[in-house]
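S.K.: Make a model of the complete structure from these sequences and hints.
From first to last, the protein sequence lines are chains A and B.
Everything in the first sequence is counted per UniProt numbering, starting at 1 for the first residue and increasing by one.
Everything in the second sequence is counted per UniProt numbering, starting at 1 for the first residue and increasing by one.
Since the hints were made in silico from the structure, they are not lab data.
Check the hints yourself; a few may be wrong.
Stated by the list, open to error - List of simulated lysine to aspartate or glutamate pairs, EDC-like, C-alpha gap at most 20 Å:
hint, chain 1, residue 1, chain 2, residue 2
1, B, 195, B, 340
2, B, 425, B, 443
3, B, 318, A, 127
4, B, 169, B, 154
5, B, 522, A, 67
6, A, 43, B, 554
7, A, 63, B, 554
8, B, 549, A, 127
9, A, 63, B, 525
10, A, 147, B, 154
11, B, 522, A, 64
12, B, 402, B, 154
Said to hold, decoys possible - Calculated from the model, a selection of chain B residues having no Cβ within reach of chain A, i.e. all distances over 10 Å:
hint, residue
13, 62
14, 80
15, 131
16, 146
17, 196
18, 212
19, 290
20, 302
21, 441
22, 473
23, 526
24, 557
Since we're looking at a predicted model, the values are computed, not measured.
Think of the CB as a built atom: it goes at the ideal place given N, C-alpha and C, for glycine as much as any other residue.
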Amino acid sequence: MRMKGFAKHYYLMLIPGFLWLFVFSIVPMFGIIISFQYFNPGKGILGSDWAGLEHFKYMFLLKDTQEVFSNTLVIASMKIVANLIAPLLFALMLNELRLMILRRWIQTIVYLPHFLSWVILGGIVLDLFSYNGPVNQLAALFGLQPKLFFADAQLFPFLVVGSDVWKEFGFGTIIYLAALTGINPALYEAANIDGAGRWRSLWHITLPGIRTTAVLLTVLSLGNVLNAGFDQIFNLYNPLVYSTGDIIDTWVYRTGLLNLQYELATAVGLLKSVVGFLLISVSYYLAYRFVNYRIF
Amino acid sequence: MKNKSKPLALLLACFLVLGACSNTTNNTPAAPEKSAESSEPADPFGRYEEPVQISISIEIDPTDNELPPGDTPLDNQYTRQIKEALNVDVDHQFAASGQNLRQRISLAIASNDLPDAMVVNAVELRQLVEADQIADLTEVYEQYASPDIKTIIENTNGAALDAVTFDGKIMALPGVQANADGIHLLWIRQDWLDKLNLEPPTTMAELEDVARAFVEDDPDGNGKRDTIGITGPESGGKLYANFLESKNNLYGFDPIFSAHDAFPGYWLEGEDGSPVYGSILPETREALASLRDLYSKGLIDPEMGVRNKADEPIIAGKSGMFFAPWWMAYGPLTNAVKNDPEANWQAYALPLNQNGEFKPHAATPSTEFVVVRKNYEHPEVPMKLLNNLFKNEQENTFDPSKGGPGYYPLRVVYAPSDEIEFTVKALRDVLAGNKTAEDFANDKAYKLLPSDIASIKTIKNEPYDSMDIATWNPEANWGAWTRAYSIMVGGRPLVDTEFEEVSSLLYEQTPLMESRWVNLRKLEDETFLRIIMGAAPLETFDSFVENWKRQGGDQITQEVKEAIAQ
Chain A
1 MRMKGFAKHY YLMLIPGFLW LFVFSIVPMF GIIISFQYFN PGKGILGSDW
51 AGLEHFKYMF LLKDTQEVFS NTLVIASMKI VANLIAPLLF ALMLNELRLM
101 ILRRWIQTIV YLPHFLSWVI LGGIVLDLFS YNGPVNQLAA LFGLQPKLFF
151 ADAQLFPFLV VGSDVWKEFG FGTIIYLAAL TGINPALYEA ANIDGAGRWR
201 SLWHITLPGI RTTAVLLTVL SLGNVLNAGF DQIFNLYNPL VYSTGDIIDT
251 WVYRTGLLNL QYELATAVGL LKSVVGFLLI SVSYYLAYRF VNYRIF
Chain B
1 MKNKSKPLAL LLACFLVLGA CSNTTNNTPA APEKSAESSE PADPFGRYEE
51 PVQISISIEI DPTDNELPPG DTPLDNQYTR QIKEALNVDV DHQFAASGQN
101 LRQRISLAIA SNDLPDAMVV NAVELRQLVE ADQIADLTEV YEQYASPDIK
151 TIIENTNGAA LDAVTFDGKI MALPGVQANA DGIHLLWIRQ DWLDKLNLEP
201 PTTMAELEDV ARAFVEDDPD GNGKRDTIGI TGPESGGKLY ANFLESKNNL
251 YGFDPIFSAH DAFPGYWLEG EDGSPVYGSI LPETREALAS LRDLYSKGLI
301 DPEMGVRNKA DEPIIAGKSG MFFAPWWMAY GPLTNAVKND PEANWQAYAL
351 PLNQNGEFKP HAATPSTEFV VVRKNYEHPE VPMKLLNNLF KNEQENTFDP
401 SKGGPGYYPL RVVYAPSDEI EFTVKALRDV LAGNKTAEDF ANDKAYKLLP
451 SDIASIKTIK NEPYDSMDIA TWNPEANWGA WTRAYSIMVG GRPLVDTEFE
501 EVSSLLYEQT PLMESRWVNL RKLEDETFLR IIMGAAPLET FDSFVENWKR
551 QGGDQITQEV KEAIAQ
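M.R.: Below, the structure is given as structure tokens:
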């Protein structure tokens with residue numbers, strides 16, 4: 001009640017967001033119906049015959065479906081962990097750097113890749129790891145045989161996670177640096193007087209100081225656990241690494257758009273949405289539980 | 001890489017369209033066609049009094065710079081000629097390159113937002129017929145197809161019309177391609193062979209020796225070990241042509257498979273007379289084992305299957321062998337020769353199988369189809385465009401160096417099945433002085449023959465019986481050279497060697513294939529690629545066969561049996 005005067009503006013500011021959500025997320029949900037139909041584009045969604053749960057049954061029969069779901073989970077989880085640790089460590093190291101100018105420079109350089117698309121970065125990564133690329137040339141100096149990195153299914157998830165970290169850790173660092181500047185310097189001075197060394201103050205002051213930020217970021221990223229990154233994988237993968245690199249989004253794209261299997265692709269997409277919805281609900285609850293984060 | 005940014009946007013657009021479209025707007029009954037037809041007699045080449053609009057889809061290669069300055073894909077020698085001859089204005093509903101065009105077409109089908117006419121493949125055609133999205137062209141074909149085109153279509157023994165006839169109605173205009181497009185040859189650097197004192201490899205063992213020499217003995221003479229023995233398919237490319245896409249497979253291993261008497265991807269007659277799928281036979285396992293061996297020894301491009309463009313090393317003079325049809329001067333060889341005038345690429349019907357035979361798999365004549373949107377007011381316009389192209393090719397109206405024929409709207413090829421072989425023999429007779437252009441005046445179906453005869457002596461030097469690159473003069477006319485070299489070199493093994501072709505029992509989809517084939521093909525492609533590249537043991541083949549049968553392969557085989565019996 002206290003906020004009544006302000007509240008209107010806040011709600012007005014929500015309108016563009018809701019509009020976007022409605023047009024791009026609510027309206028397309030109409031298309032879900034396709035997964036229960038023998039979809040015939042000539043007859044349209046309203047005119048096609050019903051198939052019941054047949055496409056879902058076939059979906060669970062296919063080995064592909066299990067494979068893409070587990071690939072998605074594995075790659076996304078690895079990304080969440082790596083994207084938590086890498087920026088945190090880097091922020092801590094940067095924080096210890098006393099030379100301000102150097103710090104700014106490093107910060108700027110490492111967050112640049114965040115602004116490039118995967119079409120560009122994918123090309124760079126593929127070139128780096130190609131048969132005659134720099135990585136193999138470096139390996140040759142140590143007498144190693146050249147290797148086709150992007151044809152190796154075992155290696156592919158690590159290359160994906162690695163290149164994703166390379167692209168994003170600089171940007172994540174900014175958030176942690178902001179959290180670090182929020183720590184009261186008096187705490188460090190007090191610790192210093194009490195005889196704490198660098199490691200001690202890191203352990204007892206710095207880390208607890210940014211704990212909430214870290215937990216919040218992790219919990220929120222759980223909602224994205226089924227988004228393993230279409231752009232990135234699409235630009236990096238090839239049939240040799242489908243077994244470990246094909247994720248739900250790329251599979252749905254190939255099956256639905258390239259192979260005209262609309263119903264099957266929609267069914268898998270729907271399953272993804274359902275699981276994703278559960279995960280977002282859970283992570284939102286967790287965020288509320290642990291760090292008292294709420295939208296409203 | 002540059003093409004890959006669109007898919008996400010496309011996907012998003014797809015869902016939007018799916019969500020927003022309904023069937024009500026597009027199913028209004030057709031009325032307007034009748035008035036146009038009844039008032040004037042059908043004329044395959046007739047000019048319209050009032051300008052007529054047609055929107056089409058077209059494949060455009062963004063790196064293509066053939067068009068003269070000022071011309072665009074929508075305004076060039078072809079579209080201007082169409083406007084003048086037929087009073088038809090061509091518009092692009094969408095234009096895209098290669099793989100992107102297939103996506104764009106799928107999207108158009110799914111959203112029921114079709115151009116007035118477009119060129120589609122067999123799978124898309126079936127989809128369109130079942131969705132009832134395209135017009136019945138029976139009358140259009142009967143009344144408007146020009147006599148020459150009719151002759152070519154009917155000379156396929158019904159194969160071309162069968163492919164487009166559904167419930168007795170002609171639903172699309174089939175293209176007809178030369179047989180030669182389906183026969184995959186060994187293309188080899190003759191100058192490398194000569195330098196290393198080698199002969200063209202006739203057996204698999206010799207192929208291995210030559211490939212090893214190409215990799216290890218520095219055939220390009222730069223002192224580095226940087227050459228490729230055999231080029232393999234690029235990322236997304238096919239290891240071999242299959243019954244649905246039976247021709248023009250570039251850089252696959254088709255002849256290596258047939259050298260093992262293996263015909264993967266084709267429906268063959270089994271020992272008991274019933275159909276069997278070639279990919280699950282022991283011969284295919286053997287061929288895979290042999291390819292796996294070649295790959296592990298480094299004789300096949302180590303980057304096969306991952307490379308974005310397989311033709312780059314060929315153009316750069318780093319590759320010694322590849323497998324492809326006759327028309328490779330239209331492919332990488334023109335640029336390869338521009339880079340290195342000594343690059344003496346020659347074609348052979350090799351390697352041979354254990355009985356010393358070359359047994360290529362044969363293609364179906366029609367793999368491209370022109371379809372017309374239901375309710376388009378002038379369904380005969382696409383047929384007229386095809387008539388017009390054929391006529392002007394006979395009259396040699398267009399200059400390929402002012403933009404290739406790919407810019408012609410709705411182009412599909414009309415070639416007599418023996419066009420390449422016939423042209424090879426004709427040009428030999430002309431070169432030898434036995435015949436002149438007048439002797440071929442009645443062979444009008446061979447539409448490019450007059451221009452071939454007119455230009456051959458300007459680009460081919462004596463001795464006329466040698467096809468080595470040194471005996472050609474491509475600088476005189478690159479456009480004519482590209483065609484003549486393709487025909488004389490790529491067509492030579494087709495004329496000079498005897499071979500028996502192996503056909504598939506079936507070249508189209510059966511009903512169950514519509515839902516299952518995509519995943520069976522995926523299983524097959526991935527397993528075979530992984531076996532060859534050493535990512536999976538050879539024994540994976542056995543579990544592949546079991547999985548293939550279980551996941552619908554057995555049922556589909558049964559369907560194929562029924563389809564053939566009909």
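S.K.: Is the straight-line distance between the alpha-carbon of residue 63 of chain A and that of residue 554 of chain B 20 Å or less?
M.R.: holds, 18 Å
S.K.: If you draw a straight line from the CA of residue 63 of chain A to the CA of residue 525 of chain B, is it 20 Å or shorter?
M.R.: holds, 15 Å
S.K.: Against chain A, does residue 557 of chain B keep a CB gap of more than 10 Å to every residue?
M.R.: holds, 19 Å
S.K.: Is residue 402 of chain B close enough to residue 154 of chain B, meaning Cα to Cα at most 20 Å?
M.R.: Violated: residue 402 of chain B and residue 154 of chain B sit about 33 Å apart, past 20 Å.
S.K.: Regarding the pair residue 318 of chain B and residue 127 of chain A, is the alpha-carbon distance no greater than 20 Å?
M.R.: holds, 18 Å
S.K.: Would you assess whether residue 196 of chain B, listed as outside the interface, keeps its beta-carbon beyond 10 Å of every beta-carbon in chain A?
M.R.: holds, 23 Å
S.K.: Quick one: work out the minimum CB distance from residue 212 of chain B to chain A and report holds if it exceeds 10 Å, violated otherwise.
M.R.: holds, 18 Å
S.K.: Given the hint that residue 43 of chain A pairs with residue 554 of chain B, does the C-alpha gap stay at or below 20 Å?
M.R.: With Cα atoms ~32 Å apart, residue 43 of chain A and residue 554 of chain B exceed 20 Å; violated.
S.K.: With d taken as the least Cβ-Cβ distance between residue 290 of chain B and chain A, does d exceed 10 Å?
M.R.: Per Cβ check, residue 290 of chain B is outside 10 Å of chain A; nearest 20 Å; holds.
S.K.: With the threshold set at 20 Å, check whether the alpha-carbon distance from residue 147 of chain A to residue 154 of chain B stays at or below it.
M.R.: Cα-Cα ~53 Å, so violated.
S.K.: Is residue 62 of chain B truly not at the interface, in the sense that its beta carbon sits beyond 10 Å from all beta carbons of chain A?
M.R.: holds, 14 Å
S.K.: Has the given pair, residue 195 of chain B with residue 340 of chain B, been kept, meaning a C-alpha gap of at most 20 Å?
M.R.: This hinted pair holds, its Cα atoms lying about 16 Å apart.
The structure shown violates the earlier hints numbered 6, 8, 10, 12, 15, 20 and 23.
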